[in-house]
Amino acid sequence: MVVSLEYDKSVFINCPFDQAYKPLFEAIVFAVFDCGFRPRCALETEDGGQVRIEKIFGLIGDSRLSINDLSRVDLDSATKLPRFNMPLELGVFLGARHFGHGRQKGKRCLILDRERYRYRAFISDLAGQDIREHRDEPARAIRIVRDWLRSQSIDPVPGGRIIADRYQAFRAQLPELCREAQLDVGDLIWVEYNDLVWMWLGLNS
Amino acid sequence: MKKRVLLAPATVSPKRALIRAAVEKVAADRASRNSTDAGLGAASPRRSGSSRN
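Sequence lines, in order, name chains A and B.
FYI, my numbering numbers position 7 of the first sequence as 7, with every residue one higher than the one before it.
FYI, my numbering numbers position 41 of the second sequence as 41, with every residue one higher than the one before it.
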């Protein structure tokens, strides 16, 4: 079976998009690029006419790999209800692997949480999956993502320390980069952040 | 040894040209600052050397 590079190297990132999670999210996206993969996420299509779940089905169908962060499955302070989007999307990914045909059978996923065994209290059916704890530390998340992508790649992948150091250098330059590009460093949208990371890595790695 | 390939993002920012110019300018500025610093660093021992005279 021939699997396209597009599919083989696409990593669907299933995580929250709020400000509090941003340090982890941006670190994970950087690590995915630096490992030679392409991050995909629901933020990349702004087609208001498309139903969100359809958009997610399309992204999952087009991605061999997925990184799923369950660390924010907390009760919302206003509604007192948990946020279930991440477990739902992980379920879609696992379902695609189980019920799908052809290339869908080769899907692999990484599951992240704050603590390794916390999932037992709220989604115990995940027992047997490899769950890694990032402890809300971006540098640790980078190393976990790198080690996992290394196991999914036949191409060379930089070491975790190298990527973490590069990420620090990128963050230090980001305000200057945004000033030059007339962008608001605190309000970058998905496509802008992707372009900044990709082009910066092209010149600095 | 195989070289790692950086894959382009799946979607293109409307500001890609602006971002490219910014990334290149910052890299060039830093390279120029580094070479100036290196030049000054190389000059320092000569200055301290001359002070011994």
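Just so you know, these hints were derived from the structure itself, not from any lab.
Check each hint, because a few of them may be wrong.
Chain A residues, not near chain B, derived (Cβ > 10 Å throughout) [to be verified]: (1) P16; (2) C35; (3) I189; (4) E192.
To give a feel for the contact side, a few chain A residues facing chain B, derived at Cβ under 7 Å [said to hold, decoys possible]: (5) D8; (6) K9; (7) E44; (8) D155.
Treat the numbers as computed from the prediction; the structure is a model and nothing was measured.
The C-beta atom is built at its ideal place from N, Cα and C for all residues, glycine as well.
How the hints compare with the structure:
no. : hint : in the structure
1   : P16  : holds, 20 Å
2   : C35  : violated, 8 Å
3   : I189 : violated, 8 Å
4   : E192 : violated, 5 Å
5   : D8   : violated, 10 Å
6   : K9   : holds, 6 Å
7   : E44  : holds, 5 Å
8   : D155 : holds, 6 Å
In this structure, the earlier hints numbered 2, 3, 4, 5 are contradicted, and the remaining ones agree with it.
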